[in-house]
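Q: Given these sequences and hints, build the entire structure.
2 protein chains.
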Amino acid sequence: MQVFTTPKLKHVEITSDFWKRYRELVVKEVLPYQWQVMNDEADIAIAEDPQNNGQDKNSHAVANLKIAAGKMKGHHYGFPFQDTDVYKWLEAAAYSFSYHSNKDLKKITDELVDLIAEAQDDDGYLSTYFQIDAPERKFKRLQQSHELYTMGHYIEAGVAYYQETGNQKALDIATRMADCIDRNFGLDDGKISGYDGHPEIELALARLYEVTHTKKYLELAHYFLNQRGQDPAFFEKQIKADGETPDRDLIPGIRAFKREYYLAAQPIKDQKVPHGHAVRVVYLCTGMAYVARYTHDQTLLDACDRFWNDLVKRQMYVTGNIGQTTTGEAVTYDYDLPNDTDYGETCASVGMSFFARQMLSIRAKGEYADVLEKELFNGALSGMALDGKHFFYVNPLEADPAASKGNPGKSHVLTHRADWFGCACCPANLARLITSVDQYLYTVTEDNTILSHQFISNDAQFDDGIEINQSNGFPWNGDIHYEIKNPNGQTFKLGLRIPSWSADFGLEVNSKTATQPVKDGFIYFDITDKSTTIDLSLDMRVKFMRANNRASADFGKVAVQRGPIVYAAEQADNPAPLWTYEVDTKTKPSSAYEDKLLNGVEVVKVNANQVQLDSDDGPLYTEESDQSTQSTELTLVPYYAWANRENGQMRVWLNK
Amino acid sequence: MQVFTTPKLKHVEITSDFWKRYRELVVKEVLPYQWQVMNDEADIAIAEDPQNNGQDKNSHAVANLKIAAGKMKGHHYGFPFQDTDVYKWLEAAAYSFSYHSNKDLKKITDELVDLIAEAQDDDGYLSTYFQIDAPERKFKRLQQSHELYTMGHYIEAGVAYYQETGNQKALDIATRMADCIDRNFGLDDGKISGYDGHPEIELALARLYEVTHTKKYLELAHYFLNQRGQDPAFFEKQIKADGETPDRDLIPGIRAFKREYYLAAQPIKDQKVPHGHAVRVVYLCTGMAYVARYTHDQTLLDACDRFWNDLVKRQMYVTGNIGQTTTGEAVTYDYDLPNDTDYGETCASVGMSFFARQMLSIRAKGEYADVLEKELFNGALSGMALDGKHFFYVNPLEADPAASKGNPGKSHVLTHRADWFGCACCPANLARLITSVDQYLYTVTEDNTILSHQFISNDAQFDDGIEINQSNGFPWNGDIHYEIKNPNGQTFKLGLRIPSWSADFGLEVNSKTATQPVKDGFIYFDITDKSTTIDLSLDMRVKFMRANNRASADFGKVAVQRGPIVYAAEQADNPAPLWTYEVDTKTKPSSAYEDKLLNGVEVVKVNANQVQLDSDDGPLYTEESDQSTQSTELTLVPYYAWANRENGQMRVWLNK
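If you read the sequences in order, they're chains A and B. Position 633 of the first sequence, counted from 1, bears residue number 633 in the numbering used here, the numbering being contiguous throughout. Position 275 of the second sequence, counted from 1, bears residue number 275 in the numbering used here, the numbering being contiguous throughout.
Worth flagging that the hints you see were computed from the coordinates, not collected in a lab. The reader is advised that the hints may include incorrect statements.
Pairs involving identical chains hold if they fit within one copy or between any two copies, as the list cannot separate such chains.
[What the hints assert, rightly or not] In silico DSSO-like pairs for lysine-lysine, Cα to Cα no more than 27 Å straight-line:
1. Lys405 x Lys258
2. Lys169 x Lys216
3. Lys586 x Lys656
4. Lys656 x Lys28
5. Lys107 x Lys28
6. Lys57 x Lys10
7. Lys493 x Lys71
8. Lys656 x Lys543
In this text, all values refer to a predicted model and were calculated from it rather than measured experimentally.
A: Encoded structure:
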């Protein structure tokens, strides 16, 4: 196994129009809006579904911290992990300072760090639900408490805030938390030989180790991963001691889920495929990869490989979304990919991006970058409206307002993005991914190799004055131009990714046609010259995609993809019902950029026959005969941008 | 409006091999088995799903009656309506005596009637849950209590038992119950101006009126229908008085359902389409039609028409099943007909048969008989295994053991019939339909017309020595032979149904080719001769059926039907996965009777191409290209007989 070290990258400036727009949107709309919401100052409607759990009032997330800090009176409100909304928001804000300095926001975030410090107990503990309303139950019901999950999210935020602003207090809160956890958890006598029901602390501690170089944090992360499932009854024993009646549950209904749901039915090394809650899965995977990278623990890396393969080859939607069922927001089984009842939580796509990033740091394989790209341009991005103030929790591949309203099995499938959620994990999770996307473009490896694996225009500065400027009109245009400056004439390897969707590609080095073999999804160049230009032309044909025919839901259907962008048909462009269109895959689709539409998108048109709609007063069943059809065009827009116009039907997988 | 009176039919003897086998099965296996189960003497496993609600022990249904009768000590166990299992069983047994005298069984049923009489309160009340464990709550939480539903089921059983055996005590229990309800319910001061959350009492009281000619029972039934929804807050007011905390609910989780679910959000006359629980819908419809028949209440008949049209034209599966969602076992919305998550409760198909029978008594329209036939040969009959000891509650049109196990949204879809259910409403409901099927073949109308609308071989005796002998090999053979004996040379009209699936038919009268116009699904003959033979040849071609293309789930798919029998592909005959078969609808299917298979069925074979299965290690999504296929045959068996062999996939709607 080849193990890589941290990138020696100094700074990346995103120059991509597409991503700059999103990153400025987060600064101008998303962060202020979410701060208002978390302070209960926004006039919002909480979505009834999904996972509302009776949370129908305001967020109360900042108020909970104020109460814990003794600055306000009252009870905790919301989920036990309500604090994490604030932490993810703080993390998103921290990253935004790297490209948009913002005094007003900085004042708010500095004060927020002060508030969090005041809310933290002297021993480092911080989880406002338990501090305010159930101090006697701290660490006593870890299956449901999310305490380590919650502190993990703070640790991530604290590290990010320290790294971006130098605020030492933000880091100190994190190390005090980690020390508190270290004192309480482990195999030594008197410690809790357990772990959290929701993985997160593992990846957070690995990040804390990265910044502090304090080995015990890495060891603690490693302990949590090794210990998971060693005593499969751990959670039940805690619950027995804490109280078994339903009123003792910290989240209503959570008792329905079995050990597998928490990825704790057996040690990780024995878990063949991921089970249960999709976000738990990808956070655990990220933690495993992170820790494997530093500890060289092969059993963890093997688990990463098993889980990655199962998720990516057998349980991932074409948009990158994962989690097929609303019941427990969970993955189901191989090739079960229902499009109309799926879950595809935004957070799971965000977490899958984390996992892919970690795997790239372990191995230079294009498939990790392919998945990362898929998430960035599709499954994750669809979680936010173009206005930055409306969000999807669930990302379906087929939607129909009549179905969401009329069939309870689809009530979780919103057909328009909501103001906010009772469980508001997704909005700030996506925000922190967008504001940190500059960190996802390069992987620098120990063997003196820089991997450039995302086609997001940027100017990157490395040690030794090395600069890589990438410019392009991606994702709409596939001509990727690189200028590599190497003023000191250093020698290094540059790997450029060839996406799996572009088996055909053109290449010019210093304006001369060149060829290079593709190795695991990358082409490599030995850079020695002070200045090099590379031009890559990717295959931007509109393609009809099909699923592995083991997936019954997609059998006989096609999805449309162009470059990394998966397309969707919407009722806004095409008279409903959308299932009556039969796409003609034998004629060539067309595409054109429309700068006025949906903030500028490449629109795809495909030929189709639309079957004439039957009367609604005739017999429901008749003997089959040829139905009359009309030749027409089906207009498709990028999946990430659906549901930004009138409410209507949407389909990714089309009849043919 | 033409209103018809009760049939003047003396006796029908079923001679159909197909139905004789089922009716003997009920006597030999079903009734003894169910009696054992209800007495907790059978070694059974209770299905975890559907609607288990934590009922994981034995039935306890007879024990509840014994406790209420003071013959045993203990608490009530089971649902508040547990008594109805016993009553439906008693009713099924009663009908069986009409074709199979059975001293041993008669001794049991007579003693059971004695037990029920002892369990009944002096004032006529009988609902063992409330008598044993909550006497202070009688009639105080009608939304959930099922008290009138429960007593309604006894009234049906008591009437049937009296009619079949002459047991006066059985009828007296019923009239005492009805009198008790009459004293307690109505618009007079001091009475409860409400109704039951689950319709049933309405149809039961109409039956009681039929046998007793006591007008107040009809008026009470009419009151319940008129009053329903007049005060939409009636249930909430009762619950407020009885206690609003969840522990006061009589069925866990039932509080989730809104007024519409109980068909009580507005008066029936204002309800445009049926909502909510499918069995409530069809029981209410049956009651409405029954009462409309005797009261000539046009608003009720209009409601019957509205509900019938919506159910049959827009919400019924091709097998006759209704109820598209497991959430509340409910109907959803027009053209929402998912095949893999549907509910299609056996009881709803049984209840739809009741509704169809009543509508036939109001109007001589073939479509009512078409639906009745569809239920008898498909949706209802599939509720029982060929061994008479295993039952379906849910009847899916597409099943996959991997999906039922792996996707919680399909956990209600069993792929093998269960020993018993926590809510065991279906097994005895189907048993009483089978043992009374002789009552569903003829409708005799006031204008001297006998309608013969089912092709179930039988010898029927009418007044004046009129006999109709129908003989055939239906449902496998479509040659229907009638011999009409009219020894006194009476004049009457005979209507024979022409099914909607047989637009083409041959006709001979007294062995000579004849023609007759079809009027509303019937052809009519003036019978005056002492002896007449009629031969009807129905169209028994195997047909590919398609659904109205407003139903997205069936778009581009075909179902296979021959005569009244809807077919299914099973993994037992066809290598899985079943979705990889593309049926060739342009070539003619074949069919042949196999007497050794599934107790004798016509097996259909259709030409198909099977797409070669993709590797399970390749990419999940690839650019579309022609897939390699293999020409093959798909073997189909009647839907009612599926899941009687090894556990595997099943599909009614096939790709083409």
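Q: So, for every hint listed, does it hold in this structure?
A: Here is what the structure says about each hint:
1. Lys405 x Lys258: between (30 Å within a copy, 14 Å between copies)
2. Lys169 x Lys216: within (20 Å within a copy, 82 Å between copies)
3. Lys586 x Lys656: Answer is both: 10 Å inside a copy and 19 Å across each meet the 27 Å cutoff.
4. Lys656 x Lys28: Close neither inside one copy (43 Å) nor across copies (52 Å); limit 27 Å.
5. Lys107 x Lys28: Only inside one copy: Lys107 and Lys28 sit 16 Å apart there, 83 Å across copies, limit 27 Å.
6. Lys57 x Lys10: The answer is neither: 44 Å in one copy and 67 Å across copies each exceed 27 Å.
7. Lys493 x Lys71: neither (55 Å within a copy, 90 Å between copies)
8. Lys656 x Lys543: both (14 Å within a copy, 24 Å between copies)
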